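Undergrad: What follows is the residue order along each chain.
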Amino acid sequence: MSDISLGTSVAGIPEAAPRQPPALTTGPVAWVRANLFSSWLNTALTLVLAYFIVRYAIGFVDWAFVNAIWSVPNNQTQACRALKASATPGACWAVVTEKHRFILFGTYPYEEHWRPALVCVLFTALYIVSGMRRFWRKELALVWIATLVVIGILMWGGILGLSYVPQERWGGLPITLILATFGLAFAFPLSILVALGRRSSMPAVRVLCVAYVELIRGVPLISLLFMASVMFPLFLPEGINIDKLLRAQVAITLFAGAYLAEVVRGGLQALPKGQYEAADALGLSYWYKTGFIILPQALRLVIPPLVNTFIGFFKDTSLVLIIGIFDLLTAGKTAVVEPAWQGFGVEVYLAISVIYFCYCFAMSRYSQNLEAELNRHRGR
Amino acid sequence: MSAALDTETHLRSAVRTDAPPAILLDKVNKWYGAMHVLRDVSLQVATGERVVVCGPSGSGKSTMIRCINRLEQHQEGRIVVDGTELSDDVRALDAIRREVGMVFQSFNLFPHLTILENCTLAPIWVRRMPKREAEELAMHYLTRVKIPDQARKYPGQLSGGQQQRVAIARALCMKPKIMLFDEPTSALDPEMIKEVLDTMVGLAEDGMTMICVTHEMGFARQVADRVVFMDRGEVVEQGAPESLFNDPKTERLRTFLSQILRGH
Ligand SMILES: Nc1ncnc2c1ncn2[C@@H]1O[C@H](COP(=O)(O)OP(=O)(O)O)[C@@H](O)[C@H]1O
Ligand SMILES: [Mg+2]
Numbered sequence: 001m002s003d004i005s006l007g008t009s010v011a012g013i014p015e016a017a018p019r020q021p022p023a024l025t026t027g028p029v030a031w032v033r034a035n036l037f038s039s040w041l042n043t044a045l046t047l048v049l050a051y052f053i054v055r056y057a058i059g060f061v062d063w064a065f066v067n068a069i070w071s072v073p074n075n076q077t078q079a080c081r082a083l084k085a086s087a088t089p090g091a092c093w094a095v096v097t098e099k100h101r102f103i104l105f106g107t108y109p110y111e112e113h114w115r116p117a118l119v120c121v122l123f124t125a126l127y128i129v130s131g132m133r134r135f136w137r138k139e140l141a142l143v144w145i146a147t148l149v150v151i152g153i154l155m156w157g158g159i160l161g162l163s164y165v166p167q168e169r170w171g172g173l174p175i176t177l178i179l180a181t182f183g184l185a186f187a188f189p190l191s192i193l194v195a196l197g198r199r200s201s202m203p204a205v206r207v208l209c210v211a212y213v214e215l216i217r218g219v220p221l222i223s224l225l226f227m228a229s230v231m232f233p234l235f236l237p238e239g240i241n242i243d244k245l246l247r248a249q250v251a252i253t254l255f256a257g258a259y260l261a262e263v264v265r266g267g268l269q270a271l272p273k274g275q276y277e278a279a280d281a282l283g284l285s286y287w288y289k290t291g292f293i294i295l296p297q298a299l300r301l302v303i304p305p306l307v308n309t310f311i312g313f314f315k316d317t318s319l320v321l322i323i324g325i326f327d328l329l330t331a332g333k334t335a336v337v338e339p340a341w342q343g344f345g346v347e348v349y350l351a352i353s354v355i356y357f358c359y360c361f362a363m364s365r366y367s368q369n370l371e372a373e374l375n376r377h378r379g380r
Numbered sequence: 001m002s003a004a005l006d007t008e009t010h011l012r013s014a015v016r017t018d019a020p021p022a023i024l025l026d027k028v029n030k031w032y033g034a035m036h037v038l039r040d041v042s043l044q045v046a047t048g049e050r051v052v053v054c055g056p057s058g059s060g061k062s063t064m065i066r067c068i069n070r071l072e073q074h075q076e077g078r079i080v081v082d083g084t085e086l087s088d089d090v091r092a093l094d095a096i097r098r099e100v101g102m103v104f105q106s107f108n109l110f111p112h113l114t115i116l117e118n119c120t121l122a123p124i125w126v127r128r129m130p131k132r133e134a135e136e137l138a139m140h141y142l143t144r145v146k147i148p149d150q151a152r153k154y155p156g157q158l159s160g161g162q163q164q165r166v167a168i169a170r171a172l173c174m175k176p177k178i179m180l181f182d183e184p185t186s187a188l189d190p191e192m193i194k195e196v197l198d199t200m201v202g203l204a205e206d207g208m209t210m211i212c213v214t215h216e217m218g219f220a221r222q223v224a225d226r227v228v229f230m231d232r233g234e235v236v237e238q239g240a241p242e243s244l245f246n247d248p249k250t251e252r253l254r255t256f257l258s259q260i261l262r263g264h
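Going line by line, the protein sequences match chains A and B. Taken in order, the first sequence gives residues 1 to 380; the numbers are from our numbering. Taken in order, the second sequence gives residues 1 to 264; the numbers are from our numbering.
Treat each hint with caution, since some may be false.
Claimed, not checked - Computed list of lysine-lysine pairs in DSSO-like fashion (alpha-carbon distance at most 30 Å, straight line): (1) A:Lys244 - A:Lys315; (2) B:Lys131 - B:Lys146; (3) A:Lys273 - B:Lys131; (4) B:Lys153 - A:Lys273; (5) A:Lys289 - B:Lys177; (6) A:Lys273 - B:Lys27; (7) B:Lys177 - A:Lys273; (8) A:Lys138 - B:Lys177; (9) A:Lys138 - B:Lys131; (10) A:Lys273 - B:Lys175; (11) B:Lys153 - B:Lys175; (12) B:Lys177 - B:Lys153; (13) B:Lys131 - B:Lys177; (14) B:Lys175 - A:Lys289; (15) B:Lys249 - A:Lys289; (16) A:Lys273 - B:Lys194.
Hints listed in this document are in silico derivations from the structure and should not be mistaken for laboratory results. Please read all numbers here as calculations on a predicted model, not as lab measurements.
Use the sequences and the hints to build the structure in full.
TA: Listed below in structure tokens is the structure:
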């Protein structure tokens, strides 16, 4: 009987003719009918919403592109102001054109801007490489260390013929990327340890981890940053001064660590007890069990909330503006303080939003792919 | 592995009386909160002996068998496995767990690892076996449980019976001296029970020391050297399968047997 393969009819039994699905149950036309025009109420809603969407989309395109002014000669903003007051208002992108170097790099010395620019490229390349599964090897840690060293050299300078730039002059996008990258790079492992610690059999470890999470979570990030910038130095002995950025970095890392720890703990709790028992029964030690069985499964389960926290955290770095650190958002805010450019905040904030959006959207899409790929084994 | 489930004949006993007992439980007591789930349980299993444990649900069978590799901790009494007494000593516990394999009712395969990785993980990281060797060993046991062709698949792609056979192979890859089975066929559809029991019969034939919690009376008759009946945390009666099943001494066992027979 092995010569009978699927799809051929057995002798004597006529094969049923293949049947097409009924017309108009698939395809875009059917989709529109089913979802937008299925009833009178639905049709009315669709039409009303379509009217508003089209109207405001046209308005926005007019404002942002058709009527917009893209550049003005040396800070002469009269044309922009006139346009703003006219019957057909338009965006004054000239403010972004004029100030983009300041927004991106803050008060970093102008001639040296290629250095922070290169730093941003390096960071982005590092994210992309780290995201590719085929590079998930031990060597990746070395790549990270090397890249971060290069980034440090580029930002500070002082060697290899690069002029020294003190940290107070750094600003803009590199600051945001530094805070977010170092913050997550330290907060994520920290959060895993804390989450494991909360389930530890040692009471002291457990109490410590619970206290850490509850204390940090119960306090707004802003007050943590204040503590780091104002109160913390008071406790230090005279003459010792820890870099302000570093202090903010520590505050941010501790903050993210507490939130991520709770996310990771959720994953640990969702794992069936049988997985722990099977690993124990095989004689795997605590760390092998955790590393090979528990964490790979627990972290997969929590990719969506994990990335959600990452994204929120990436944007939370902008709160450092309250302690006077010049991140991307602060730089943008400062750019429109100058009298000539006052009143053009909307354009600047839109431009900054686009940058934030690019990074956050990339994270979001990447996490969806990763989730699908890593959880393929779960499908039957 | 020629043996198959065959309730008419009994396997030749492989009990070795010259060797020290593989497992010794001496007046073991355990409580969950205020609930006394193991009451003075004493049991001795010789090397090569095959013991079947049966009893009503909630009688403490799982708890007892899980105390043997310390998935649960007993509170009173002594448990000696392979010459080592169970205590808080982590080293000793690791050594015991290496020698004791366990098969669970719910398989507990690692769903994110392939069948082959499930089988090689512990030999590589606990036994420190080279990867190649561990894979050869895994393929050997997967062949024994008759699923070598599934090695690259994930557990979720296999049927229940196949998963349980992988779980047996995974435990065997550690080359344990003792195997514990906790109702290995209870979660399976009827048509898959036989393939798992056949695998276990083959194992018994090779002289493995086994403790098996099961209600499969046919299996017990064929392979068990001794059947232990537990009820409410106590070992109520024990003996050779024929005498125990045909001539129960206690009312409790009689009730239990009649319930089981009615169920089948
Ligand atoms: N982790 C636990 N916590 C509290 N009670 C438990 C736990 N595990 C089992 N029990 C109780 O202990 C008794 C014995 O359970 P178990 O050993 O699983 O019985 P069996 O395997 O014979 O059905 C049951 O009454 C059960 O409810
Ligand atoms: Mg049980």
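Undergrad: None of the hints should be skipped; say for each whether it holds.
TA: Right, here's what the structure says about each hint:
| no. | hint | in the structure |
| --- | --- | --- |
| 1 | A:Lys244 - A:Lys315 | holds (19 Å) |
| 2 | B:Lys131 - B:Lys146 | holds (22 Å) |
| 3 | A:Lys273 - B:Lys131 | holds (28 Å) |
| 4 | B:Lys153 - A:Lys273 | holds (23 Å) |
| 5 | A:Lys289 - B:Lys177 | holds (22 Å) |
| 6 | A:Lys273 - B:Lys27 | holds (28 Å) |
| 7 | B:Lys177 - A:Lys273 | holds (25 Å) |
| 8 | A:Lys138 - B:Lys177 | violated (37 Å) |
| 9 | A:Lys138 - B:Lys131 | holds (18 Å) |
| 10 | A:Lys273 - B:Lys175 | holds (25 Å) |
| 11 | B:Lys153 - B:Lys175 | holds (23 Å) |
| 12 | B:Lys177 - B:Lys153 | holds (28 Å) |
| 13 | B:Lys131 - B:Lys177 | holds (22 Å) |
| 14 | B:Lys175 - A:Lys289 | holds (19 Å) |
| 15 | B:Lys249 - A:Lys289 | violated (46 Å) |
| 16 | A:Lys273 - B:Lys194 | holds (27 Å) |
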